[in-house]
Amino acid sequence: MKDFAYHKAPDLKSVQQLLTEFAEHALPVAGGSNVMVDIRNGRLNDRELIGISDIAELQGLRFSRGKIIIGAATKISEIAVSQLLAAKAPALWMAAQVFADPIIRNSATVGGNLAYASPAADLAPPLLALNADLLLLKKGGKRKLPLADFFLGVNHTALEPGELIASVEFAANARSAFYKLGLRNAMAISIATAAAAVKRVRDGSISEIRLAMGSVAPRPVRCLHAEQFLLGKQALHIDPEALAQALVWDISPIDDIRASAVYRRAMAPVLMQRAIARACGGCADEVFAGKKSADEGRAGA
Amino acid sequence: MTTLKSSNFRLVGERVPRHDAWAKAKGEQLYSADWALPGMLHGKVLRSKYPAAILRAIDTSRAKALPGVRAVLTAADVPHNRDVTKFGQMRDVGAGFEGLYKVLAEVGGKIRFKGEAIALVAADSEELAERACALIEVDYEPQEGVFDPREAILDNAYLVSSEDASNVIMRTRVEQGDLEQAWEKCHLIVENDYYTSPHEHAYLETESGSGWPDENGGITLRVGTQVLEHYRTIAKVLGLPHTKLRNMSVPMGGGFGGKEDITVETYLALLVKATGKPVKMVWSREESIEAHSKRHPMYLHYKTGVDRDGFILAQEVSIVMDGGGHTYLTPWVQMYATINGSGCYNIANLRCESVSAFTNNTFSSANRGFGVPQVNFCYERQMDCIARRLGISPYELRRKNLLRNGDPLATGFVPLGHVALDQLLQQTWDKLNQTPKPERLPDGRKVGRGIACGMMGYGRLCFLHDISRIGIRIELDGSVTLRAGVPDLGGGQSSVLAQIVAEELGLGIEDVRPLIMDTHMTPLCGTTTATRQLYMSGNACLAAVQPLKERLARKAAAIIRDNQWPQNPATGYIWRPDIEHILGHLVFADKKIYYGPDPGKNVDFVAVVAHVSNEGGELFSEGQFNAPFTEVPDLNNIKGQILPDMTYTCHGVEVAVDEATGDYQVLRIVAAIDCGKAVNRNSVEGQLEGGTAYNLGWLREDLAWEQGITRANSFATYLIPTAADVPDIETIIVESRGGLGPYGAKGVGEPSDNSIAPAIVNAIADATGLEFNTPLIKPETLYLALQNERN
Amino acid sequence: MSGTLQISLKINGESRVLHTAAHSSLLNLLRDNGYFDVKCGCEQGDCGACTVLLDGIAVKSCVILAMNCDGHEVRTIKGLGGHDRLTSRLQKAFVEHGAIQCGFCTPGMIIAAGDYLRHDGRADREQIRRAMSGNLCRCTGYQKIIDAVYEVAAELESEVCG
Ligand SMILES: Cc1cc2nc3c(=O)[nH]c(=O)nc-3n(C[C@H](O)[C@H](O)[C@H](O)COP(=O)(O)OP(=O)(O)OC[C@H]3O[C@@H](n4cnc5c(N)ncnc54)[C@H](O)[C@@H]3O)c2cc1C
Ligand code: FES
Ligand code: FES
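Just so you know, the protein sequences line up as chains A, B and C, in that order. Residue numbers for the first sequence follow the working numbering, beginning at 1 and rising by one. Residue numbers for the second sequence follow the working numbering, beginning at 1 and rising by one. Residue numbers for the third sequence follow the working numbering, beginning at 1 and rising by one.
One chain only, chain A, in its complex shape:
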């Protein structure tokens, strides 16, 4: 028997109040695209649902002093249509283009995507590659947490009871890109995803890079070994074998209904290479065979 209660939070103050009051029992509902499915399928029960979709302070994206700040309740569709993000954070913008489908994007939120902490959360790899921080709110306090420290496991995060994601922020990086492999061209949970943000390239060789992947581990992961390996390498002439070797240490894929671990392991360097190539100037398509989403890569880079 389904047993829930509902409380609408019209503003930040009330949501902090409600979250504190119900602590572990509280469950914020933003877009609802994860929560509603879990309720229907009986994976969630006996919770105090806190409606946060009307809180104005959690909405919208801003750009100030080189930083991009996105409210947690911002819809994926707002990211997908943002010219600003297309130019300044193409990795995130590209992820929004291939996220679910246009209608789900109209209600699904950034905060919900991160807080749900699916290994396949499409916004997580680009935001990890962009080295994003989360602004977390709690009654009587707030803290900043690097996104890299946020994901602890499948549906498991560093959020404390009563805590809310208020926003996510990161420095702009025009040389960032995303690549998704799914079983369909839309409405496809990722088989695997890769995001790359190239910080500096000197004489064609990489001097600072940040990489992340989705659906290849129990949580979205930064690929530190691969990053290390790539330093000093020519961005467009990466030895795929060697990249694969390095990535092995970063990922731990499993078999699931969408793909086998073997396939995911094989795809990791391919997708990563494509993300890097896209990030390094939109020349991905000439270098590597790409899917339709390559068009967006071009448009975004």
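Subject to a maximum C-alpha distance of 27 Å in a straight line, what follows is the list of computed BS3-like cross-link-like pairs (lysine-lysine):
#, chain 1, residue 1, chain 2, residue 2
1, A, Lys8, C, Lys10
2, B, Lys591, C, Lys92
3, A, Lys2, B, Lys64
4, B, Lys49, A, Lys2
5, B, Lys437, B, Lys400
Calculated from the structure, these hints are not laboratory results. None of these values were measured; they are calculated from a predicted model.
Given the coordinates of chain A, work out where chains B and C with the ligands should sit on it, guided by the hints.
This is chains B and C with the ligands only, laid out in the frame that chain A set:
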């Protein structure tokens, strides 16, 4: 009788909007779940958790004790829980299909697939009904089960059912010529094993409906079904006379064969009877996927021999079909697969043998194509393998061997209708190759092109003695009520009948109102299956409308003759042709009846109707059409006319393969069909496009069966193509006028989907050199095959 | 039932006060109250049959928490056809192009198409395919649906330019 022929069509052949299109566009169409009555209860089915088990005991006491629960039924509460028929015994539809038909699993017997119904509940709310189901205690003794039909047919196999001594459902065979001799003459023999995967219909509307008690102990059902005539079986299960079980169907949100077997209707009738109240039942998506039939998975072996020039000398086919947990339509599907096994080619020496078996998988039954997509896939893959081995083009090889007018089918029967295969092949090939094929796309993907032909019957198996009947009544304002028990799945099955009547009577489609799908208020038209409605009910429509037309024409001729020939002013004499002459020249159009040679002489349709009515003439008519009737064939050697006629198709595709990931996209599709006559052009194209996308989906849709468990049981995991996965489809509609339907039309619904899957796999082979022998190719499959190739 | 809550919202221009469970989806709220023009094909966001406008934006109502819509405005296909010119044009194009077979996907498709065109969607078949990719259709192969949306998009473009 004078036949009144309209030489120029007004409506037939046009892109006429369907009579129900606006209601659907506006959201006014009420489907099977869009219904509520005061005090309506909600029905739920408790289903087996295990694919194979012995049902030891059921305890419903806790469920019954729950307040708000109105009925909990098990097999013991069903008056006639079982029905057994033999193959071919029942000629009328809906009287129970071959083999054992069981409503609910019985204590002491075996559970045959996961999702088999065990108990029924009706309660005040859906949530309560669900809770009651959870409170029913079922004592299962899980069994090992058998999940591969090749194992199931072995002597020592686990027995799926407690009622049968063997898992074999049926064996059958078609044979012609002398195979052994022919092999010796072959220059090349190509032999392959194939596996075709199960396929889910995935209509957007799940199985739903409601039922309520009528006066005098009757029950009315309002459900979505392809087979209205199931009311007879339902009545039998309940022990009611046929007259007391009224089945009203409503336009369906798709069927594709999945609503051909009984779904919700018996359950609803039982719950209505038990509670005396209206009951509604709506299956969830997961329940739908787990509890209705699938396209038969098949294991096939093909051996094809050709001479030096590529002429096929011999082909031997053996098929093992997975019937799943219950018989349902397996024997009939098997007949289709067997007689079509050797393909749309002229082959003098052939043998096609098949066996079907029970397993503990979801049961198999009708699915758009009815056993043909599986064999079509294999014989068209064979053709490409042969072409590559001989070094001749796949086009050339097919052209040499295609069936042509006058050639016999595998059963020795020469099709009655026109055979347009060479024309379809030619046009498809030309269109596909209008531009030269690029080796690669600018993004590096490898390009391949492929082609495949197909053939499939329309109309039911002739030994089932198929009939359709239509009723027409002309109203006094000149509009027409068309009564037809035609289940409309969305293919425009009833709209096309309205179009035919409007065409014949010279009215607009808006003047004809179809009232459809009510067992006791509309004439029975037979099933909307087997691509038969246009053929059968279209002809019944013509049969019904002709006498009316004749009657109206006689009156019109008299009116025109009496009133519209001028007097010669000089002589005062009126010359007029005799009535038979006028009758022979009348044209029904624009709501008038014209004298063709001088259209100024005419009379309003409605005026004629008034005259006929005043004189007591009949303004209603019922017409019946009978398909060719044959006897049940010898299953060991099927011969003669098995189906009324065939429809032919061809598909050409271009694919791009991303070799690094194994992902592939279909870039272009050319789809060709000979529909005989496109009665509604939009509908013909729509069927062809829809059928094409349906089996394009077969290539990636994976139910992920694991020991009888369907892992992909929702739309989150069972992924059908989205708009972004289907390219533009370039259709070629050939109108040979050589069909057996009205105006020379052929059926198109199922044939549309057959040849696309092999065309795509042929294109993948062209791009990569990989010869897949299954339609199920996911990116991972392709990637791993490429890796294998490299190593 | 887990205690029913009161919710006020505007549906098709009419202010309604209804009752619902705390966890109910917008889809269930609508269908429980007789808005049968909103179809249900999967209940978990995967088919688009339940698409409605929420505050003028297309959403899949099965994955929207009904209570989150308290104080908001919902429009279903019945509340759009005849009132909204764009929807009426799309309906006409769907009817004339034969884009409707079983019609079960149609209300959602038309609302999704309207959402695309309202946001300056162009007459570009590839983009239209992407815009409609959250709405499944099993009958049509999408061809005639794309044709219909394309036609309206092209008309809109020529009206703006011409
Ligand atoms: C059909 C379909 C397709 C999908 N496709 C994709 C896809 O391609 N890629 C992908 O990544 N995801 C996909 N998803 C998953 C889902 O849409 C996303 O994860 C979405 O971003 C979740 O956002 P929401 O606002 O709807 O979350 P909700 O369901 O409202 O919430 C999700 C979780 O986050 C918590 N939460 C929400 N906001 C906050 C906050 N501000 N602070 C703290 N906790 C919060 C909630 O309590 C809940 O636990 C898909 C879902 C569906 C139904
Ligand atoms: S019912 Fe909402 S998306 Fe399928
Ligand atoms: S018309 Fe049937 S699902 Fe689209």
